[in-house]
Amino acid sequence: MLDSEKTIKLLFLGPSGAGKTTAIRAISDIPPVSSEVSATDAGSGASVSTTVAFDYSTIQLNPNEILHVYGLPGREHLDFMAAIVGPGALGAVLMLDASSQTLAQDCRTAVEQAARIDPNLRFVIGLSKTDLAPEFSMETMYALARRMSLFVPIFSIDPRDPAQATQLVRALLYLL
Amino acid sequence: MPDENIKHIKMGLAGLSEEIELRLSLACGLLAASQIDIEIQDWQGNESDILIVDIDSGHGRLAYEMAQRRNLPVLVFPRSGDNETQYASKLDRDAPAAALARALQEKLQPSSEISSDDVQGLLGICIREAGCNQDLLVKRGGIAMILRHSAGRILARSVSDLTIAEARVLDGTWLCMTRPAKDPYQNEWLVSRSLDGFLIKACVKYRDGLPRLGGKLFRLTRWPDLGSVTEDMDALRLSALLQRSAWSAEALAQHTQLSADIINAFLWATLASGALARADGTTLKPDAAQAPAAPSSLIQRVARHFGLKLGYSHA
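In the order they appear, the protein sequences are chains A and B. Position one of the first sequence corresponds to residue 1 (the working numbering), numbered consecutively onward. Position one of the second sequence corresponds to residue 1 (the working numbering), numbered consecutively onward.
Please note that the accuracy of each hint is not assured.
[To be verified] Derived pair list, reagent style EDC-like, types lysine to aspartate or glutamate, alpha-carbon separation capped at 20 Å:
#	chain 1	residue 1	chain 2	residue 2
1	B	Lys10	A	Glu139
2	B	Lys309	A	Glu65
3	B	Lys90	B	Glu129
[What the hints assert, rightly or not] If you want the ones that stay clear, here's a sample from chain A, every Cβ over 12 Å from chain B, calculated:
#	residue
4	Ile30
5	Phe80
6	Met81
7	Pro87
8	Thr109
9	Arg116
10	Leu121
11	Ile125
12	Ser149
13	Gln167
14	Tyr174
FYI, nobody ran anything at the bench for these hints, they're computed from the structure. Please read these numbers as outputs of a predicted model, since none were measured by experiment. Built from N, CA and C at the ideal position, the CB exists for glycine as well.
Pulled out of the complex, with its shape left as it was, chain A reads as follows (with noise of 0.2 Å):
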């Protein structure tokens, strides 16, 4: 059992395919042990995996800590999961799919996935496959944050990159 006050935790949040596994794969030293089921992407028909309960990862922080990251999926029927794993978490990354057609209340949901894991979590927002939505706008983003007051950094990344998911994570340290 974990102790939550004493573990150094890092969530990521966000729905099903917006990276969250690969960005946690991006940025940690072991392969993140994921709770995965094959599902077939919807567009291309070719065979994908996707989380359905969980990720956790590791990153040694130097011989004597370790930073426990956990991906979170954001299903409320998993919430209970969240109410274990997220108190005392440093912060979250909310990844996001840029392509989808629901993304503001993917966002909207992530937001209130983190209030409820914690009201005062500080967190971030990557959007993922901005690359596979031409017609993506970012202002579509910052207006929606404008409104739902949200002052917090926003960046397009390839989780992929671990360059990239990095710079998530370094962007929520300058908020903690």
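Based on the hints, put chain B in the right spot on chain A.
Frame of chain A; chain B shown alone:
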């Protein structure tokens, strides 16, 4: 079909008298001519793009404090008879509707005193087209790109085109035109990048050739999209400072010990992308700036692992 050039604004009012509300309503009507469509609502913490508060009322003062915490743009009617200087953006409670409209327009569509005449090339085009809702085709020699300024994106045919464009951002030979409605090259724009990231990298490369933005105060209106600016820790640090409070280039240099050229390049890039705005007031002394609390040693250790220097948020 909705006109994409019309700016839709939700304006929250807090603590205003009926008479002032009426004049504000008239002022908002006048702004329709400037393609600003304002929806007025009593503010009870609901979503708004801008707040108008009367500090004479308790509700107005509470709303002002909340707006400050949430970094919401706010215009203030100061206390009657007081010569209040603490508010960055004030309204005259006796001003006619036309004057209120001008003040609102300046807040909602601030005119940049930085002229595109100050810089040439693609950077000048970006400054001139700030807020443009139309896609633009920009060309130089064999390189062509799509500039989607309001979307914060730049599209190119290849990564190498973007790299070359970064290194030629001030060249005066860039041509700019509206992207054709039926773009014959529509399927060729395969590379989509953050405009913020592109301009920051380009301005840093060209930092020796940029005129100085000294003496003015600036503040970020939003965090720049730094997802692709992975090798420039200075951009993150400057963003963190400039989103908390207004700074001049000189005060930033003194506070951060970064080179004046680097700071100047960052200011030009974010001005051109629309993330940075001029701020009211006079130059802040470094110690007067709103400094964050020192991060805990735990945060420092995590920061060190992710490549941020010890004491990363401080000079």
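(message) Would the non-interface assignment of arginine 116 of chain A survive a Cβ cutoff of 12 Å against chain B?
(response) holds (19 Å)
(request) Please settle this one: proline 87 of chain A was flagged as non-interface, so is its CB more than 12 Å from every CB on chain B? (result) holds (16 Å)
(message) Would the hint linking lysine 309 of chain B and glutamate 65 of chain A be met if the CA-CA limit is 20 Å?
(response) Between lysine 309 of chain B and glutamate 65 of chain A the Cα gap is close to 18 Å, so the pair holds against 20 Å.
(message) Does threonine 109 of chain A clear chain B by more than 12 Å, comparing its Cβ with all Cβ atoms of that chain?
(response) holds (16 Å)
(message) Checking a non-interface call: every C-beta of chain B should be farther than 12 Å from the C-beta of phenylalanine 80 of chain A. Is that right?
(response) holds (27 Å)
(request) Over 12 Å to the closest beta carbon of chain B is the bar; see if isoleucine 125 of chain A clears it. (result) At about 10 Å from chain B, isoleucine 125 of chain A fails to clear the 12 Å cut-off, so the statement is violated.
(message) Check whether the Cα positions of lysine 90 of chain B and glutamate 129 of chain B lie no farther apart than 20 Å.
(response) The hint is violated at about 28 Å.
(message) Using Cβ atoms and 12 Å as the threshold, tell me whether methionine 81 of chain A really stays out of contact range of chain B.
(response) holds (23 Å)
(request) Please confirm whether glutamine 167 of chain A is truly not at the interface, meaning its C-beta sits more than 12 Å away from all C-beta atoms of chain B. (result) Nearest chain B Cβ is 5 Å from glutamine 167 of chain A, so the label is violated.
(message) Please verify that the nearest CB of chain B lies beyond 12 Å from leucine 121 of chain A's CB.
(response) Non-interface label on leucine 121 of chain A holds, nearest chain B Cβ at 15 Å vs cutoff 12 Å.
(message) Holds or violated: lysine 10 of chain B and glutamate 139 of chain A, Cα atoms, limit 20 Å.
(response) holds (16 Å)
(request) Verify that the Cβ of serine 149 of chain A lies farther than 12 Å from every Cβ atom of chain B, and report whether the claim holds or is violated. (result) About 4 Å separates serine 149 of chain A from the closest Cβ of chain B, which leaves it inside 12 Å; violated.
Hint check: violations occur at hints 3, 11, 12, 13 and 14; the rest are consistent with the structure.
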